[in-house]
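Enquirer: These are the residues of each chain, in order.
Protein chains: 2
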Amino acid sequence: MNKIKVCRPPARQAASTPAAESLQSLDRIDRAILRQLQTDASISNVALAAKVKLSAPACLRRVERLKESGLIRGVVALIDPKSAGAGMLVIIGVVLDRSTPESFADFEKAAQTVPGCMECHVVTGEFDYFMTIRTRDSDSFNRLHAEQLLYLPGVRQIRSFMVLKEILSTTRFPL
Amino acid sequence: MNKIKVCRPPARQAASTPAAESLQSLDRIDRAILRQLQTDASISNVALAAKVKLSAPACLRRVERLKESGLIRGVVALIDPKSAGAGMLVIIGVVLDRSTPESFADFEKAAQTVPGCMECHVVTGEFDYFMTIRTRDSDSFNRLHAEQLLYLPGVRQIRSFMVLKEILSTTRFPL
DNA sequence: CTTGAAATACTACTACG
DNA sequence: CGTAGTAGTATTTCAAG
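Taken in order, these protein sequences are the chains called Y and D.
Reminder that position 32 of the first sequence reads as 32 in my numbering, one-by-one numbering, no gaps.
Reminder that position 111 of the second sequence reads as 111 in my numbering, one-by-one numbering, no gaps.
Each hint should be verified, as a subset may be incorrect.
Because identical chains cannot be distinguished in the list, a pair is counted as satisfied if it fits within a single copy or across any two copies.
[Claimed, not checked] List time: in silico EDC-like cross-link candidates among lysine to aspartate or glutamate, alpha-carbon distance up to 20 Å:
id, residue 1, residue 2
1, 67, 40
2, 53, 102
3, 53, 166
4, 67, 139
5, 51, 108
6, 82, 68
7, 53, 68
8, 82, 64
9, 67, 80
10, 165, 108
11, 165, 126
12, 67, 30
13, 82, 30
14, 109, 166
15, 165, 147
16, 51, 166
17, 53, 147
Source of the hints: derived by calculation from the structure; they are not laboratory data.
It should be emphasised that the depicted structure is a prediction, and the values quoted were computed from it without experimental measurement.
When you get a sec, could you build the whole thing from the sequences and use the hints?
Expert: In C-alpha cells, the structure reads:
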C-alpha cells in the first residue's frame with residue numbers, strides 16, 4: 001500500500017551553516033509541512049506526520065528544524081477583527097516634510113506606537129509610507145486621525161483610504 | 001482527532017446574550033488567553049493555564065469556546081518571507097474601467113488567483129482596490145505585472161508602490 | 001454555568017537500531 | 001529515517017461552588 005518514498009536525505013549537516021536556511025534546501029516534505037502549518041498549525045504532530053507520510057519523530061525533527069532556522073517565524077492565533085472590536089480597516093499614505101534620515105527615523109519610531117497599526121512600510125512613489133490601521137469604527141478612526149496621526153513627527157500630508165470590503169487577507173503564501 | 005461536538009449555548013452571563021460572541025463578553029482571563037495566543041500559540045495548554053491562573057481543563061474549554069465562536073479564526077505558522085523566496089513586497093493601487101457590480105465581481109474573483117497576493121481590499125479615494133503582493137524580486141514582479149496584473153479584468157490603471165523597508169508587520173492587535 | 005481534581009487516552013519526545 | 005519505550009500532555013468524567 002505504501003508507495004516508494006522519495007526520502008532523499010536533506011544532507012544539511014554542513015556544520016557551518018546553521019543560519020539563513022533558504023527555500024532551496026527544502027524538499028517536497030518540508031514544503032508539505034509548511035503548507036499545512038500555514039493553513040492550520042493546531043494539528044497534532046502525529047496527524048501532520050501522517051499527512052506528509054512520515055513517522056512522527058521524523059516529522060517533529062523537521063518542524064523543529066524549520067523553527068530553529070527561522071523559516072517558521074512563529075505560531076500564532078488569528079483573531080477575527082470584527083469580533084474583537086476592530087472591524088474597520090484604513091490604509092493611509094503618508095508624505096513627510098523632509099526626506100532626511102532623521103525624519104524617517106523619528107517617524108518610524110512614532111508610527112510603531114500608533115494603536116491598531118498593523119503594517120507600516122517605506123514605499124516608492126508618491127508616498128513615503130503606507131500604513132494599515134485597524135480600529136473600531138469611523139468615529140474612533142477620526143479620533144485617532146485628529147489626535148495621533150496628524151501629530152506624527154515630520155508629517156506633511158496624510159491621505160486615508162477607508163477599506164469598504166476586505167476581499168482577501170491571508171498570511172500564507174505559495175511555496 | 002477532531003470530534004464533532006454539540007455547540008454549547010454561548011450564554012455566559014445570563015440567558016440574554018446575543019448571537020455572536022463579541023468583545024464585550026470576554027472577561028479578563030479570556031483576554032489574557034487571546035493576548036498570549038496572538039503572540040505565541042505553540043505554548044502547551046498546561047503552560048497557558050498556569051499563565052492565566054486557571055486549571056488546565058477550564059483553560060482548554062475557554063480556548064475551544066473562543067475557537068467555536070469564531071473569535072479565534074485559526075492557528076497558523078508564520079513564515080519568514082525572505083527565507084521562503086518572497087522577500088519583495090509591493091503594494092498596488094488599482095483603478096477599474098467602469099464602476100459596475102459586474103466589473104467589481106469579475107475583478108475580485110480574478111484577483112484572488114494572483115500568486116503571492118496577500119491582501120486585496122476595496123477602498124475609498126482615488127483607487128478602487130489596494131492589493132499587497134509578495135514576490136521574489138523585481139524581475140519576478142515585473143513578470144507578474146506584465147503577464148497577470150495588467151490582464152486582470154476591467155483594469156484601467158495600476159500604480160505600484162514597491163516596499164523598500166518593512167517597518168512593522170503584525171497580525172496582533174490590542175484587546 | 002463554571003470550576004478543579006482525578007483518571008484515562010493520546011501525544012510528544014528520547015534512545016536506539 | 002523508523003521502531004519502541006517513557007514522560008508528559010490533552011481530554012473526559014465527575015463532584016462542587
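Enquirer: Hint by hint, which ones does the structure fall short of?
Expert: 2, 3, 4, 5, 7, 15, 16, 17
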